[in-house]
Amino acid sequence: YNSEMIKVLVIAHNLCWDIGDLNCFQVLILDPVEFDFNQNRYVEYPISEILQMIGRASRPGIDAISKCSFFCHTPRKNYFV
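Numbering (the working numbering), first residue to last: 1 to 81.
Hints in this document: simulated from the structure, not taken from any laboratory.
One or more of the hints may lead you astray.
If you anchor each label on the Cβ, the simulated ranges turn out as follows [unchecked claim]:
hint	residue 1	residue 2	range
1	Gln39	Asp63	37 to 45 Å
2	Phe37	Thr74	24 to 32 Å
3	Lys67	Ile19	13 to 21 Å
4	Leu9	Ala64	20 to 28 Å
5	Ser3	Arg41	39 to 47 Å
In this text, a Cβ means the ideal position worked out from N, Cα and C, and glycines have one as well.
Please build the complete structure, drawing on both the sequences and the hints.
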């Protein structure tokens, strides 16, 4: 990805802390929930993980701007805005 041979990289949310200095022009966050088998219900990603994913949308010295698109269930929109 860093050598620009790959244009799109799909990463699971739990890897957002482990990818080192891998930054990009645009980050897409799709449906920020996961199924917790211990609780037998869907739980939202911690806000710290969401902020970490948003922070990956930056390439200082390469892009003047970066983008983050966030897709979530409509009733949860006000929580994240």
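(request) Against the structure, test the hints numbered earlier, and report the numbers of the ones violated in rising order. (result) none
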